[in-house]
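S.K.: The chain contents come next:
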Amino acid sequence: MRPWRAVLWALAGILAAELSLPPLLYTPLDPGQRLARNSHLRRDWDNYVRATSVARDPEIRVLLLSNSQGNGPEYPDRVIYPWLLQDELNEGRQGPPVRVVNWSFGPNRVPEAIVLLARAQDLRPHLVLAAFHPTWFQAADYEIHGKGTPLSMFPGDIVDTAWLYRDRLPPAFDAHYVRPITAVSALFARGWPTYRFKDLPVSWLQVNVPWFRPFVPEGEWAAWSLAARARRSRLQSQPIARAFAHVPHAGLMDMFGEAAARLHAPLVFVFQPHYYLLPQESDVPAVVTRALEAKGFQVWDMSQTVPWREFLEGQNIHLADDGHRTFARALAERVRPLVDSLPTARSPR
Amino acid sequence: MTFVSFEYLVLLAGTFAVYFLLPWRPRILFLLAANYVFYAYWEHWYAYVIGFTTLMDYAMALLIDRTSDPGRRRIFLSLSIAGNLAMLGYFKYTNFAVDTVRMLLGAGAGGLPHLDVVLPAGISFYTFQEMSYTIDVYRGRVKPTRDLALFASYVSFFPQLVAGPIERAETLLPQLAAPRRLDLQRACDGLGLIFIGLFKKLVLADRLTPFLYPKFQQPAFFDGYELLLALVSMPVALYLDFGGYTDIARGSARLLGVDLSRNFDFPFTSRSPGELWQRWHRTLTLWMRDYVFQPLSGWPVLSLVAPATLIGLWHGAAWKFVLWGLGNGLALGAYILWRIRGPRASERRKGSLLAWLGTLLFWAWTLLLMALFFCPDVTTAAAYWQRLFTTGWETIGDPSLAALVAFLTVFMAVQIAGRHAPWRVWWARTPAGVRGLAFALLFYAVLFGSVPVGAKFVYYQF
Numbered sequence: 001m002r003p004w005r006a007v008l009w010a011l012a013g014i015l016a017a018e019l020s021l022p023p024l025l026y027t028p029l030d031p032g033q034r035l036a037r038n039s040h041l042r043r044d045w046d047n048y049v050r051a052t053s054v055a056r057d058p059e060i061r062v063l064l065l066s067n068s069q070g071n072g073p074e075y076p077d078r079v080i081y082p083w084l085l086q087d088e089l090n091e092g093r094q095g096p097p098v099r100v101v102n103w104s105f106g107p108n109r110v111p112e113a114i115v116l117l118a119r120a121q122d123l124r125p126h127l128v129l130a131a132f133h134p135t136w137f138q139a140a141d142y143e144i145h146g147k148g149t150p151l152s153m154f155p156g157d158i159v160d161t162a163w164l165y166r167d168r169l170p171p172a173f174d175a176h177y178v179r180p181i182t183a184v185s186a187l188f189a190r191g192w193p194t195y196r197f198k199d200l201p202v203s204w205l206q207v208n209v210p211w212f213r214p215f216v217p218e219g220e221w222a223a224w225s226l227a228a229r230a231r232r233s234r235l236q237s238q239p240i241a242r243a244f245a246h247v248p249h250a251g252l253m254d255m256f257g258e259a260a261a262r263l264h265a266p267l268v269f270v271f272q273p274h275y276y277l278l279p280q281e282s283d284v285p286a287v288v289t290r291a292l293e294a295k296g297f298q299v300w301d302m303s304q305t306v307p308w309r310e311f312l313e314g315q316n317i318h319l320a321d322d323g324h325r326t327f328a329r330a331l332a333e334r335v336r337p338l339v340d341s342l343p344t345a346r347s348p349r
Numbered sequence: 350m351t352f353v354s355f356e357y358l359v360l361l362a363g364t365f366a367v368y369f370l371l372p373w374r375p376r377i378l379f380l381l382a383a384n385y386v387f388y389a390y391w392e393h394w395y396a397y398v399i400g401f402t403t404l405m406d407y408a409m410a411l412l413i414d415r416t417s418d419p420g421r422r423r424i425f426l427s428l429s430i431a432g433n434l435a436m437l438g439y440f441k442y443t444n445f446a447v448d449t450v451r452m453l454l455g456a457g458a459g460g461l462p463h464l465d466v467v468l469p470a471g472i473s474f475y476t477f478q479e480m481s482y483t484i485d486v487y488r489g490r491v492k493p494t495r496d497l498a499l500f501a502s503y504v505s506f507f508p509q510l511v512a513g514p515i516e517r518a519e520t521l522l523p524q525l526a527a528p529r530r531l532d533l534q535r536a537c538d539g540l541g542l543i544f545i546g547l548f549k550k551l552v553l554a555d556r557l558t559p560f561l562y563p564k565f566q567q568p569a570f571f572d573g574y575e576l577l578l579a580l581v582s583m584p585v586a587l588y589l590d591f592g593g594y595t596d597i598a599r600g601s602a603r604l605l606g607v608d609l610s611r612n613f614d615f616p617f618t619s620r621s622p623g624e625l626w627q628r629w630h631r632t633l634t635l636w637m638r639d640y641v642f643q644p645l646s647g648w649p650v651l652s653l654v655a656p657a658t659l660i661g662l663w664h665g666a667a668w669k670f671v672l673w674g675l676g677n678g679l680a681l682g683a684y685i686l687w688r689i690r691g692p693r694a695s696e697r698r699k700g701s702l703l704a705w706l707g708t709l710l711f712w713a714w715t716l717l718l719m720a721l722f723f724c725p726d727v728t729t730a731a732a733y734w735q736r737l738f739t740t741g742w743e744t745i746g747d748p749s750l751a752a753l754v755a756f757l758t759v760f761m762a763v764q765i766a767g768r769h770a771p772w773r774v775w776w777a778r779t780p781a782g783v784r785g786l787a788f789a790l791l792f793y794a795v796l797f798g799s800v801p802v803g804a805k806f807v808y809y810q811f
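Chains X and V, in that order, are what the protein sequence lines are.
Take the first sequence: its letters are residues 1 to 349, numbered as in our numbering.
Take the second sequence: its letters are residues 350 to 811, numbered as in our numbering.
Since the hints were made in silico from the structure, they are not lab data.
For every residue, glycine included, the Cβ atom is placed at its ideal position computed from N, Cα and C.
One should not assume that every hint holds.
Claimed, not checked - Here are some chain V residues the structure puts well away from chain X; computed CB gaps all over 10 Å:
id	residue
1	R611
2	E624
3	V774
4	V783
What the hints assert, rightly or not - Across the chosen pairs, the derived CB separations fall in these ranges:
id	chain 1	residue 1	chain 2	residue 2	range
5	X	Q138	V	P725	46 to 52 Å
6	X	Q138	V	P644	55 to 61 Å
7	V	F355	X	H145	51 to 57 Å
8	X	E18	V	P375	36 to 42 Å
9	X	E18	V	A766	28 to 34 Å
10	V	A382	X	A140	33 to 39 Å
11	X	A140	V	F355	41 to 47 Å
12	V	T449	X	A294	57 to 63 Å
13	V	A732	X	V287	51 to 57 Å
14	V	P523	X	Q138	54 to 60 Å
Could you build all of it, start to finish, from the sequences and the hints given here?
M.R.: Quick look at the structure:
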């Protein structure tokens, strides 16, 4: 009898936690709240995108698309550059407030950005900022071993967004990615959370209630956890060639440019700060610049804005807090004139 | 597949669900299939390697048992040992030998190739387990089994296949051979152990290691205080990693009704080298004691140095591991000499100043040696030691390092309490409600506290 009693108590404890924790820990997605990112961090951006897409005119909406750099791993919202950029742009501002809508997502995947741009048609941004590495348009996002990269390789959010918003996507994207998606697979993505969040550990509890681990921004963990990765790098950065061997994929750049153009807003592509030094001979930035300028983007090379000491120690990928400050300030300097010149009104979609 | 993967969860849950439903014979065959699925999931050819050594040792043990002629018995035993060591040597030590010859001969060894050999996971563990079987059969301690499926299950038992504990046939074989019924208490205990292991691994070890690892890779960038803390903390991280693995292994086995040996017994409370090795990776130490130390006991120096060096070499095919093992062997030798020739027992009694100084000296030596274990090579370890003693301690007061000191304090308190308190008795007497809620708490600690992706277990590489 005794083990059964312990098991029942364990189940009761878990049930009590299941019922009581979500209201305590889960940040509701209130459109009026100033959110720099999803309270689930990079997961479940479907909810987050929907909540942040609500216009609060009069305001200037700056849509920021970035990868993990824009999510500021290890730090709470208030010290990462999208938030600081918003502060900088609003400081002393006379006109309507500027809202930086941070739709930074996790991995470096172009299709994810393109479906987000489709969703951004609801947001009607006044300005679009895309901050990525020049080598972002990698061929593996387009095809693998001579076959089209299946969307099923991406999180479920992309699969069902691509399906549900297919009429907003560039035809080339539709032809390349969406065709294999069926209503059944979209339903599958919506109906089976483990598929939807398949990059997460599979647990009924974790996937059915979206308050699992990331309910506390990682920065809060870092404040007391032992990892203590929130430190400045002290390892001198080195030139790195291998990472720049990727030839940017023209098809992806075309799709990305076309999806962005549908927002009818000024477009800026920023080469975001990175720790490693670009070899002088690399022509990747020039190739990307040419392709995107042809699509109406301004391309700003800000890759060396942040000194290597202002990156996180150990991983040498993400910005440390002073790196976020430095980058936000430098970015604001360049964005401010653009923002000041923008018309406040945006026609409804 | 690693223990912290979805695939393992499926395998374990599937095996547990079916295992007790089957009669004994199909059960063993089913377990054997699960073992091979687990192992071949890494690389399918791993299964051929373990299959070959299994057949070899199965046959040799039967041949040893069948004859009473001492010469023939010795030949069969030698064939078994040579076969196992040849496999281990080829996969693990070939390039080490080639590199050493190249280093010794310099330009004269220019033609020696560097072979593209992949080390099958866990080979160091299961070859030792197999060797112990044939040696025990030779010594008459174990009766060989004629059941090939049972023997193959003993060799490849998946909870302990890739990183131990290294089991003996006399303890594991009878457990596998017994037709057990599902015991809910044991299953609950097993589940608890699995979650304790996950907590140690995913919540503690994987958070500590990325913070500490760079110190051993590039010591030149860190000051003395950080290096000292890293030297103290990295063995703790290793213990949490390997101890976490062992807990998951023991928990998984217990779900299937099998008790595996404890590999750790609060090692950080050890007061001497001898005690440390009885508390740290005990199954390896006991293996060395029974199969290397005892046969060499006629040669006092060799009997101490050889097992320690072998333990070093067992951990990796590199000179840094040899030196690390030798260093530990020296400490053990010095300790035994001190026990024999040093102060009288009354003067070095527990709690005396002399005893404390001895413990301090032993830990200082042991921790300094750990730089060899964690640095990529001997040169880096030398740079580590040099920097440890020659640079300032500017980082004192750094909050993250202060957090590390606080963690180490709590960790040591748990170790000391664990050693001295009768916690197993307390736990057994704890009301079911408290136990159940403690499990729920542990469950959430793992769910929320674990790092997103668990790194590979350190001991998988051995």
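S.K.: Does the beta carbon distance between V:P523 and X:Q138 stay inside 54 to 60 Å, or does it fall outside?
M.R.: Given a distance of about 56 Å, which is inside 54 to 60 Å, the answer is holds.
S.K.: Given a hinted range of 55 to 61 Å, is it respected by the beta-carbon distance of X:Q138 and V:P644?
M.R.: holds, 58 Å
S.K.: So the hint says 41 to 47 Å: do the beta-carbon atoms of X:A140 and V:F355 match that?
M.R.: Roughly 23 Å apart at Cβ, these two residues miss the hinted range, so it is violated.
S.K.: Quick check: does the Cβ-Cβ distance between X:Q138 and V:P725 fall within 46 to 52 Å?
M.R.: This hint is violated: roughly 30 Å between Cβ atoms.
S.K.: Check the following: the C-beta atoms of X:E18 and V:A766 are separated by a distance inside 28 to 34 Å.
M.R.: holds, 32 Å
S.K.: 51 to 57 Å was suggested as the range; check whether the CB atoms of V:A732 and X:V287 agree with it.
M.R.: violated, 42 Å
S.K.: If we take the beta carbon of V:E624, is the closest beta carbon in chain X still more than 10 Å away?
M.R.: V:E624 clear of chain X: closest Cβ-Cβ about 27 Å, beyond 10 Å.
S.K.: Can the suggested window of 57 to 63 Å be confirmed for the beta-carbon pair V:T449 and X:A294?
M.R.: At 59 Å between Cβs, range holds.
S.K.: Mind checking the hinted window 36 to 42 Å against the Cβ distance between X:E18 and V:P375?
M.R.: holds, 38 Å
S.K.: Verify that the Cβ of V:R611 lies farther than 10 Å from every Cβ atom of chain X, and report whether the claim holds or is violated.
M.R.: holds, 22 Å
S.K.: Is the distance from the Cβ of V:F355 to the Cβ of X:H145 consistent with 51 to 57 Å?
M.R.: The hinted range 51 to 57 Å is violated for V:F355 and X:H145, with Cβ atoms some 25 Å apart.
S.K.: Can the suggested window of 33 to 39 Å be confirmed for the beta-carbon pair V:A382 and X:A140?
M.R.: With a Cβ separation near 36 Å, V:A382 and X:A140 satisfy 33 to 39 Å, so the hint holds.
Hint compliance for this structure: hints 4, 5, 7, 11, 13 are broken, all remaining hints hold.
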